[in-house]
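Enquirer: In case you want the letters, here they are:
Protein chains: 2
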Amino acid sequence: MSAAVALSPEEIHDAVFAMGKKARMAAHALAVLSTDQKNAILRAMAAELRVQSAEILTENAKDLAAGEASGLTKAMLDRLLLDETRLEAVASGVEQVSKLDDPVGDILDERTRPNGIRIQQIRVPIGVIGIIYESRPNVTSDAAVLCLKSGNATILRGGSEAIYSNRAIAAALQAGGEKAELPQNSIQLIPFTNRESVNEMASMDRYLDLIIPRGGKGLIETVVSLARMPVIKHYDGICHVFVDRAADLKMAVEIAVDSKTQKPSVCNALETLLVHESVAKEFLPLVAEGLAARKVEMRGCEKTCAILGDQASGAREEDWGAEYLDYILAIKVVASLEEAVLHINEHGSQHTDCIVTTEEGAAERFLCEVDSACVHHNVSTRFSDGEEFGFGAEIGISTDKLHARGPMALRELTSYQYRVRGEGQLKAPPG
Amino acid sequence: MSAAVALSPEEIHDAVFAMGKKARMAAHALAVLSTDQKNAILRAMAAELRVQSAEILTENAKDLAAGEASGLTKAMLDRLLLDETRLEAVASGVEQVSKLDDPVGDILDERTRPNGIRIQQIRVPIGVIGIIYESRPNVTSDAAVLCLKSGNATILRGGSEAIYSNRAIAAALQAGGEKAELPQNSIQLIPFTNRESVNEMASMDRYLDLIIPRGGKGLIETVVSLARMPVIKHYDGICHVFVDRAADLKMAVEIAVDSKTQKPSVCNALETLLVHESVAKEFLPLVAEGLAARKVEMRGCEKTCAILGDQASGAREEDWGAEYLDYILAIKVVASLEEAVLHINEHGSQHTDCIVTTEEGAAERFLCEVDSACVHHNVSTRFSDGEEFGFGAEIGISTDKLHARGPMALRELTSYQYRVRGEGQLKAPPG
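Heads up: the sequence lines are chains A and B, in that order.
Once you know that position 223 of the first sequence is 700 in my numbering, the rest is easy, because the numbers rise by one and skip nothing.
Once you know that position 199 of the second sequence is 676 in my numbering, the rest is easy, because the numbers rise by one and skip nothing.
The shape of chain A in the complex, shown without the other chains:
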């Protein structure tokens, strides 16, 4: 690709580290901006995206031409495509973020010690956040503005297929922001896409406080194995629905079908259905009818196949850990709630799992014992995301357990600081 320019390893190192140093300076300036200032900056960014829309679309056309020449599929080209409508959606997304509550400055804890020292734990920005992504060019804007609203500088490293669009969008955001006094270098995009730039970012723990990789497993694996700083990532979404012996079977059919088919390509879609054996004979034909109507391929355990006959094929061991992201569903009959929990904790991805039951005790056990970011009782798995949770925005869904777990929004892009005030307290007072 044209964006992988001929740079020596030293030149790539120097370029990326120079951006890191500038980002650190920008982060110190960003940390002390008021909410009003940040919101004015966001509105100026949205305006600039509109002003520069012709230029952005021209650059986007270069990506599309290169993509066609290199044989990208129609679906991939569509992901890459920007037009007036999509660009307007990006700009109004930026305005939306200006309306969200600013988490910076929230007081998380406050205490006065017997010696009179007053301690405040207060939310502050993280600092500099690196985002490495492969997806659509709108991620450039979405990620940068969420980081900005939470007071962080960003270094963006997008994929080669969208480099022209990404450069144009990042430049418009920075230029627009500067009209409202955004500190220089608050939003920087690495202008080339050589693979080594990922390695350099991963090694730059002096300047990067956090890396968020967004993309395929290969990219995430690379970042995880190289990074010297914290990484927040989203691996698989292998989500389960467990139909308990005390389930309302009509509700269970609806939740299973909705979780599987409302949008099968996303991480919170259902992949394995677990059915309590005492309701399997009654429930499985009902759910199979609903699934067949949506053309879902069913792969069942032996007991499932015995009940469903030709409607299901036999599941293999690897089906229990599969993230199909497609109209395919693994189905297993289990002897108990306990077996369901064990199955989920062993084969799941700690993303989102649901129990359907009318029995409160069973629900509470499931919610407490399943070790996943989101555990649902009688709610479709498709609801586990930042917008549905009312966070107003989402930078991703974390399958990690440290710092941020589950849907990540502005709060998850902050750290905290202890501010300690006194009147000269000493550990060893004289005399």
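Check the hints yourself; a few may be wrong.
Which copy is meant is left open, so a pair is good if it fits within one copy or across any two.
As a list, the in silico DMTMM-like pairs of lysine to aspartate or glutamate whose alpha-carbon atoms are at most 20 Å apart [what the hints assert, rightly or not]:
{"id": "1", "residue 1": "Lys499", "residue 2": "Glu815"}
{"id": "2", "residue 1": "Lys904", "residue 2": "Asp803"}
{"id": "3", "residue 1": "Lys551", "residue 2": "Asp803"}
{"id": "4", "residue 1": "Lys656", "residue 2": "Glu794"}
{"id": "5", "residue 1": "Lys498", "residue 2": "Glu815"}
{"id": "6", "residue 1": "Lys499", "residue 2": "Glu823"}
{"id": "7", "residue 1": "Lys499", "residue 2": "Asp713"}
{"id": "8", "residue 1": "Lys694", "residue 2": "Asp682"}
{"id": "9", "residue 1": "Lys758", "residue 2": "Glu816"}
{"id": "10", "residue 1": "Lys539", "residue 2": "Asp560"}
{"id": "11", "residue 1": "Lys740", "residue 2": "Glu655"}
{"id": "12", "residue 1": "Lys727", "residue 2": "Glu900"}
{"id": "13", "residue 1": "Lys576", "residue 2": "Asp682"}
{"id": "14", "residue 1": "Lys551", "residue 2": "Glu864"}
{"id": "15", "residue 1": "Lys772", "residue 2": "Asp803"}
{"id": "16", "residue 1": "Lys694", "residue 2": "Glu611"}
{"id": "17", "residue 1": "Lys904", "residue 2": "Asp862"}
{"id": "18", "residue 1": "Lys780", "residue 2": "Glu759"}
{"id": "19", "residue 1": "Lys904", "residue 2": "Glu864"}
{"id": "20", "residue 1": "Lys499", "residue 2": "Glu816"}
{"id": "21", "residue 1": "Lys727", "residue 2": "Glu611"}
{"id": "22", "residue 1": "Lys740", "residue 2": "Asp713"}
Rather than coming from a laboratory, the hints here were simulated on the basis of the structure.
This structure is a prediction, so every number in the text was calculated from the model and none was measured.
Take the given structure of chain A and dock chain B to it, following the hints.
Expert: Here is chain B on its own, set in the frame of chain A:
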């Protein structure tokens, strides 16, 4: 050392991963224990430490003999030494933890969405925590019981110099706990100290949710570069006191002397003193008198040396980033609050920094603009620790910004989970 037994790389891998798998099972069991159960376990552990004190001291004697044979210094041998008094302190420390509040189950956020879905964000244990340490054998107990109280399983990897003591203490904790129904394998110590065991732990992201390295820079560097899971660490403590132009100079002298000399060997001791130029002529002779009385070597910038004459030697560039942990102090005269902040953000370690001033505006600027875990106004830097902050216990002080920053206690050993309850809500309701 005798504890580095002859094991092949495969044997080490298999042994460590087998412990990881068992720890994961233990973690699921620990996560659902009630506070009362955990407290009973802790009391049983303390009792068993007392019952087994003779065995533990016998094992400790083996470490001391090996240490003498290998030429450890007297100070190092003293760090290794256990006796009745020290072991009693370990046991009563375990009892203290049983009296602390249990963070697990705390509701962090609660909301009901317009569609009726009820979302709870609730504290849960992290899971399995790996602790790699080089220090005294009491760390085995301190770290394990804080992890246990917060519902986590631990895999401990202590240094070779304390292996006999560590094994005896870990065995007593696990055995004592099991008398009160502690799940098997909740506390596991790697029974050998081959270097490869660190690498295996660092690669075991399937079973370890977090690694906390406690020890020298070399150990921390190794863990940071190898770890595939989050690491929470404590690098340097390069702490500053800034004496503002509006400082109460008597208070400033007391805070500088206390911060530097009350215990110079610890991470929150003062290393660089910054002095506003408008008070330097008056202040420096006063503080030099106090420091000289405690035999502190002073290394000053040119302006400092011009004022202090023979009392100070000239500081070199590396003094501004030095963590002396000794009776040495770097001193620099700065032209403004702004220069002080810039100096700290560039040369400090984001640990603890203090401003002495009577001017509220200057104090607020310093507290907001210095990017450190703990920022103090008129309080000795020596107060930045978990006990002084009223956390009741401390597993370390984090110089990271993600998940935990500054003093880390029980809350920082937890994650959270979203529990979502509804009545069959669907993303795409039928009809």
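Enquirer: Look at each hint and say if it fits the structure.
Expert: Do the hints match the structure? See the list:
Taking CA atoms no more than 20 Å apart as the test, Lys499 paired with Glu815 passes between copies only; the shortest distance there is 18 Å, against 53 Å inside one copy. Taking the shortest Cα distances, Lys904 and Asp803 sit within 20 Å of each other only across copies (17 Å), while inside one copy they are farther apart (63 Å). Proximity of Lys551 and Asp803 under a CA criterion of 20 Å is satisfied intra-copy only: 18 Å inside one chain copy versus 66 Å between copies. Taking the shortest Cα distances, Lys656 and Glu794 never come within 20 Å of each other, neither inside one copy (58 Å) nor across copies (39 Å).
Proximity of Lys498 to Glu815 under the C-alpha cut-off of 20 Å is restricted to the inter-copy arrangement: shortest distance 19 Å between copies versus 52 Å within a copy. Proximity of Lys499 to Glu823 under the C-alpha cut-off of 20 Å is restricted to the inter-copy arrangement: shortest distance 13 Å between copies versus 44 Å within a copy. Taking CA atoms no more than 20 Å apart as the test, Lys499 paired with Asp713 passes in neither setting, with 34 Å inside one copy and 23 Å between copies. Taking identical chains as interchangeable, the C-alpha atoms of Lys694 and Asp682 lie at most 20 Å apart only when they sit on different chains, with a minimum of 15 Å there against 22 Å within one chain.
Taking identical chains as interchangeable, the C-alpha atoms of Lys758 and Glu816 lie at most 20 Å apart only when both belong to the same chain, with a minimum of 18 Å there against 75 Å between chains. Taking the shortest Cα distances, Lys539 and Asp560 sit within 20 Å of each other inside one copy (13 Å), while across copies they are farther apart (75 Å). Taking the shortest alpha-carbon separations for Lys740 and Glu655, neither the intra-copy value of 39 Å nor the inter-copy value of 48 Å comes in at or below 20 Å. Taking the shortest Cα distances, Lys727 and Glu900 sit within 20 Å of each other only across copies (12 Å), while inside one copy they are farther apart (66 Å).
Taking identical chains as interchangeable, the C-alpha atoms of Lys576 and Asp682 are never at most 20 Å apart, the minima being 32 Å within one chain and 38 Å between chains. Taking the shortest Cα distances, Lys551 and Glu864 never come within 20 Å of each other, neither inside one copy (29 Å) nor across copies (61 Å). In this assembly of identical chains, the alpha carbons of Lys772 and Asp803 lie at most 20 Å apart only when taken from the same copy (11 Å versus 73 Å across copies). With identical chains, the CA atoms of Lys694 and Glu611 are at most 20 Å apart within one copy only, with a shortest distance of 11 Å there and 36 Å across copies.
Taking the shortest Cα distances, Lys904 and Asp862 sit within 20 Å of each other only across copies (12 Å), while inside one copy they are farther apart (48 Å). Taking the shortest alpha-carbon separations for Lys780 and Glu759, only the intra-copy value of 13 Å comes in at or below 20 Å, while the best inter-copy value is 87 Å. Taking identical chains as interchangeable, the C-alpha atoms of Lys904 and Glu864 lie at most 20 Å apart only when they sit on different chains, with a minimum of 12 Å there against 48 Å within one chain. Taking the shortest Cα distances, Lys499 and Glu816 sit within 20 Å of each other only across copies (18 Å), while inside one copy they are farther apart (53 Å).
For a Cα distance limit of 20 Å, the shortest separation of Lys727 from Glu611 qualifies neither inside one copy, at 40 Å, nor across copies, at 59 Å. For a Cα distance limit of 20 Å, the shortest separation of Lys740 from Asp713 inside one copy, 16 Å, qualifies, whereas the shortest one across copies, 49 Å, does not.
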